[in-house]
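Novice: Model the full structure from these sequences, guided by the hints.
Here is how the chains run, residue by residue.
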Amino acid sequence: MIRIHCPICGQRSETEFSYYGDATVKRPDEHETDPALWVDYVFTRDNPRGWHREYWHHVQGCRQWLVLERNTLTHEVSACHLASEASS
Amino acid sequence: MSRYSALSVFTNALKGNKSWPRAWRDPEPKPEYDVLIVGAGGHGLATAYYLAKEHGITNVAVVEKGYLGGGNTGRNTTIVRSNYFLPGNTMFYERSMKLWENLSQDLNYNVMFSQRGQYNLLHSPGQIDAARRRGNTMRANGIDAELLSRQQVQRDLPYLDYDNARFPIHGAILQRRAGTARHDAVAWGYARGADRRGVDILQKREVTGFLFDGGKITGVQTNRGDIRAKKVALCVAGHSGHLAKMAGLRLPIESHSLQAFVTEPYKPFIDTVVSYGAGHFYISQSDKGGLVLGGDLDMYNSYAQRGGLPVVEHTLAAAKSLVPGVSRLKLLRHWAGVMDMSMDGSPIITRTPVDGLYFNGGWCYGGFKTIPASGYCFAWTIAKDEPHPDNAAYTLDRFARGGTIDEKGAGPHPNQQ
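Taken in sequence, the protein lines are chains U and A.
For what it's worth, the UniProt record's numbering labels the leading residue of the first sequence as 1, then goes sequentially.
For what it's worth, the UniProt record's numbering labels the leading residue of the second sequence as 1, then goes sequentially.
Hints are not guaranteed to be accurate.
[Claimed, not checked] List of simulated lysine-lysine pairs, DSS-like, C-alpha gap at most 27 Å: (1) A:K408 with U:K26; (2) A:K65 with A:K216; (3) A:K384 with A:K53; (4) A:K245 with U:K26; (5) A:K216 with A:K384; (6) A:K30 with A:K288.
[As the list claims (entries may be wrong)] FRET-style restraints, in silico, Cβ to Cβ: (7) U:D46 with A:Q221: 20 to 28 Å; (8) A:N108 with U:Q60: 49 to 57 Å; (9) U:S78 with A:R250: 20 to 28 Å.
These are calculated hints, taken from the structure and not from any lab test.
Ideal placement from N, C-alpha and C gives every residue a C-beta, glycine not left out.
Specialist: Structure below.
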């Protein structure tokens with residue numbers, strides 16, 4: 001069981017959250033015309049073995065989007081910020 | 001290397017079973033191979049086997065960081081089926097089924113393939129329509145499929161809860177040729193078959209990097225020395241992203257944990273494979289009597305080979321809602337494997353943009369049943385430098401070309417595939 005320290009609600013169980021995925025992926029500029037960048041954005045992932053920056057949604061709590069630093073080998077969570085305040 | 005037969009079992013029994021030869025060697029690596037395969041799981045070993053058997057390429061090594069068959073080949077729920085709908089998938093999985101049907105004879109190794117049938121339960125009129133469409137596609141391609149009414153399912157599977165208030169069972173689509181196999185025996189059978197054709201299986205040797213010569217891959221670095229090879233093939237599903245990164249390749253794949261469960265042994269109860277249509281859950285019974293249960297992903301990226309309790313609870317809740325009779329059974333074991341979840345839920349078997357590097361991965365939930373066809377098609381791709389017609393759609397560039405094969409229609413969300 002992963003416990004996530006939500007900046008608004010405090011420490012809560014993972015079952016209250018839903019997972020979205022890699023938070024390092026950036027949407028290209030809407031005027032971008034190079035298809036390769038769009039393919040990268042939609043489909044390609046670093047999929048790191050170790051620390052992973054990722055989006056979670058506190059869907060059964062404060063309904064805020066969060067950015068976590070979580071280790072994909074140990075499931076340890078080292079940081080949790082509001083997505084609106086997380087530095088990109 | 002002796003052939004296994006009823007006579008050899010008999011004569012060895014008379015000699016106290018003390019003179020069986022080893023099933024495969026433990027060789028020192030040669031300085032260079034024609035083909036080096038990374039990963040001695042089912043896919044890697046099958047690829048080596050078919051390279052030797054079908055293409056006469058025997059100067060082959062299979063490098064494995066742990067022991068052979070110690071990854072997902074030994075961690076799945078052993079289900080084999082070929083009930084896929086989309087072009088690109090349908091005939092690939094059927095090739096696998098046809099190879100399964102003769103695999104024990106071909107390998108001279110009993111993989112205990114049991115065609116006990118697989119029932120996909122249907123819980124709504126919409127699901128019945130979709131199943132009929134899928135079944136028609138299968139039958140048009142010469143694959144068996146039967147649509148069963150609620151009464152027919154009730155006769156075959158009397159132990160299910162048919163009147164679940166939320167998800168009553170309206171019928172099922174059945175593939176009678178589907179079933180289960182002994183997963184470890186598949187790895188061992190392919191390992192023995194490849195070894196006796198001259199393939200070197202190098203265990204406890206972890207690949208730590210690749211050797212390049214002007215942009216072309218010329219071998220691998222391992223924790224026990226470099227090994228040169230003309231062609232390097234990755235069969236490391238679960239860890240594909242990790243290894244591909246060493247070769248400078250980024251993939252449309254995420255790694256996720258999938259758990260599986262075995263209950264304590266029980267009297268013969270479920271003599272087929274049953275998949276729940278209203279939740280992600282499937283159940284069968286092993287020859288030892290344990291019920292084998294599988295469920296959904298843990299949903300977040302993971303390489304940990306262990307899962308979380310919420311999915312344990314979810315899977316067991318699905319088990320009890322579908323088969324109320326299991327409610328007092330205890331779990332004997334549960335474990336997790338790392339899945340290569342691709343962005344469209346379909347695998348990748350292809351040459352790569354890196355010269356000399358071949359890739360096999362992205363198996364999602366479906367790796368075990370495809371071991372024979374995956375090995376067959378990957379060996380073809382490596383030997384001829386072009387895909388076999390059955391894996392022609394499984395390219396890396398299909399994502400850029402709009403050629404995704406999204407059986408579930410889930411879009412580019414690996415944990416939803």
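Novice: Compare the structure with each hint and give your call.
Specialist: Checked hints:
1. Under the criterion of a C-alpha separation no larger than 27 Å, the hint pairing K408 (chain A) with K26 (chain U) is consistent with the structure, at around 26 Å.
2. Annotation: proposed proximity of K65 (chain A) to K216 (chain A) holds, straight-line Cα distance about 23 Å (limit 27 Å).
3. Between K384 (chain A) and K53 (chain A) the CA atoms are separated by roughly 14 Å; this keeps the pair inside 27 Å, and the hint holds.
4. Between K245 (chain A) and K26 (chain U), the direct Cα distance comes to roughly 20 Å. Compliance with the 27 Å bound is thereby established for this hinted pair.
5. At roughly 18 Å between alpha-carbon atoms, K216 (chain A) and K384 (chain A) fall within 27 Å of each other, so this suggested pair holds.
6. Our distance criterion of 27 Å between C-alpha atoms is broken by K30 (chain A) and K288 (chain A), whose separation comes to about 41 Å.
7. Judged by the Cβ atoms, the range 20 to 28 Å given for D46 (chain U) and Q221 (chain A) holds: they are separated by roughly 22 Å.
8. The hinted range of 49 to 57 Å is satisfied by N108 (chain A) and Q60 (chain U), whose Cβ atoms lie roughly 55 Å apart.
9. The hinted window of 20 to 28 Å between S78 (chain U) and R250 (chain A) holds, with their beta carbons roughly 24 Å apart.
When held up to the earlier numbered hints, the structure conflicts with hint 6 and nothing else.
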